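S.K.: Please work from the sequences and hints to get the whole structure.
These protein sequences, in sequence, are chains E and A. Numbering of the first sequence is given in numbering that gives the first Met the number 0, commencing with residue 0 and proceeding in unit increments. Numbering of the second sequence is given in numbering that gives the first Met the number 0, commencing with residue 0 and proceeding in unit increments.
Because the hints were derived from the structure by calculation, they are not lab data. The structure displayed is predicted, hence computed values, not measured ones. Please note: incorrect hints may appear among the correct ones.
Given that identical chains are not distinguished, each listed pair holds provided it fits within a single copy or across any two copies.
DSS-like, lysine-lysine: derived pairs with alpha carbons at most 30 Å apart [to be verified]:
| id | residue 1 | residue 2 |
| --- | --- | --- |
| 1 | Lys213 | Lys107 |
| 2 | Lys12 | Lys63 |
| 3 | Lys63 | Lys92 |
| 4 | Lys213 | Lys114 |
| 5 | Lys65 | Lys122 |
Protein chains: 2
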Amino acid sequence: MTATARKSFHAIKAEMARRIAERVWAPGALIPGEEVLAVEFSCARATVNRALQELARGGVLVRKRKAGTRVALHPMREARFVIPIVRQEIENKGGIYQFRLLSNRVEKAPLAVTKRLGLAKTKEMLHVRCLHLSDGKPYQYEDRWVNLDAVPSIRNETFETVSPNEWLVTHSPFSQAEIIFHADLADIEEAEILGIDEKESVFIIERLTFVLQKPITFVRMSHPGSHRMVTQL
Amino acid sequence: MTATARKSFHAIKAEMARRIAERVWAPGALIPGEEVLAVEFSCARATVNRALQELARGGVLVRKRKAGTRVALHPMREARFVIPIVRQEIENKGGIYQFRLLSNRVEKAPLAVTKRLGLAKTKEMLHVRCLHLSDGKPYQYEDRWVNLDAVPSIRNETFETVSPNEWLVTHSPFSQAEIIFHADLADIEEAEILGIDEKESVFIIERLTFVLQKPITFVRMSHPGSHRMVTQL
DNA sequence: ATCATTATTATGTATATACATATTATGTCA
DNA sequence: TGACATAATATGTATATACATAATAATGAT
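M.R.: Okay, structure coming up:
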């Protein structure tokens, strides 16, 4: 870096990351204060501050007022991954996307669903099941329950051209969500739909969404066990 | 908000999030420019900028120079989850953590491992296998390969008191990682170790770590299928 | 009309300054 | 010694200003 070059917080952040990675700043160690670093990098304190804050958000640093900034002892680094719409996920991989509506009716939701959404024990909800295909092959089976009180207009939707997921994304935003991943064995019906053998493994993603505490939907999405969910950090 | 109250970017961000959630600003719509918003919220443009940037990072807004800021059409919201050390994960849930070293020796790594790490086809690597327990019950089976060139000092470690994961975390930081989730069926050995039936499902997390392009380690961690990985957003 | 050039504009970033706030360190009194 | 008020301090945030940059819109030449 030349002395005259304008210092960007990106460069400073990178340099700090390097120091942490190469243990110039050891885990647990207290690093210099913002003003000192600002002098060292010959930039404004605000610039150092931004670099430090971003690193802290990434879990590499831990900051506390008055106490100062130290290198995280247990770098509980956060992995960030985007949860795309299935169609995009498939198209990004170069596959041809299709989807098939399996069923779509209003019925009494099972207790397991209403309980997790914090709703009354017995409740009529919209139950939509569909299959997403990539290049004609089953990719994801989606089993969804929608709270009609939260999204009444969904009642008249046929889902012939647009999948329930995309419909909800464009018609009902959410402010809060909980996502759960786990593995399971395919039951007979699921195996049939996904085109795999019964008792093969399936990768399950469950999602609960809310707007301002009000429950919107519960989805269970299952992939064949061969599916890989990849994330970088 | 009173007119005299100092406006924080938090409040502004929250207000904007509300407008998006309640569709005052509809998906795909162009929202006012920073200067206009700064006047509306009677604050500095920098403050508006910070709020907007944070929302954009959250995937709720999409910003482009000159083009302006618009509400994301497909809120590909990013889920952020922390990847804690197993011991912390267990202790956070209130369990008692233990771990058992199953094997620890230098041997020729299988091609599947060297290839994914971008190493020479035949290579001697450290192979460590261990089991993490919660309240005495198998929680995670860890099968790890370590590149001795990257971390030579690990050769003399016995892992009698500290798990390989924690050793690496405190002795060898990484700058890059790739994480893969999927489901599989337990093989005989894995089932035996995890205390589950053969052909039950297992939830697999694989992790590859690097420092500055140099491969450090490949780990395959398997949980019984009943394990839940939860994340909020 | 088409293409390359230039102007315009919204966001992106850097800076100095000022004040806010959380937390630790210090000092005082009982 | 201990409890409690007070000072000191590092980070957190707000602001005005200035300039950088990317992308579009306008312009002009061919």
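S.K.: Decide, hint by hint, whether the structure agrees.
M.R.: Going down the list of hints, with the structure as the test:
no., hint, result
1, Lys213 to Lys107, "within (19 Å within a copy, 55 Å between copies)"
2, Lys12 to Lys63, "both (18 Å within a copy, 23 Å between copies)"
3, Lys63 to Lys92, "between (42 Å within a copy, 25 Å between copies)"
4, Lys213 to Lys114, "within (13 Å within a copy, 48 Å between copies)"
5, Lys65 to Lys122, "neither (53 Å within a copy, 49 Å between copies)"
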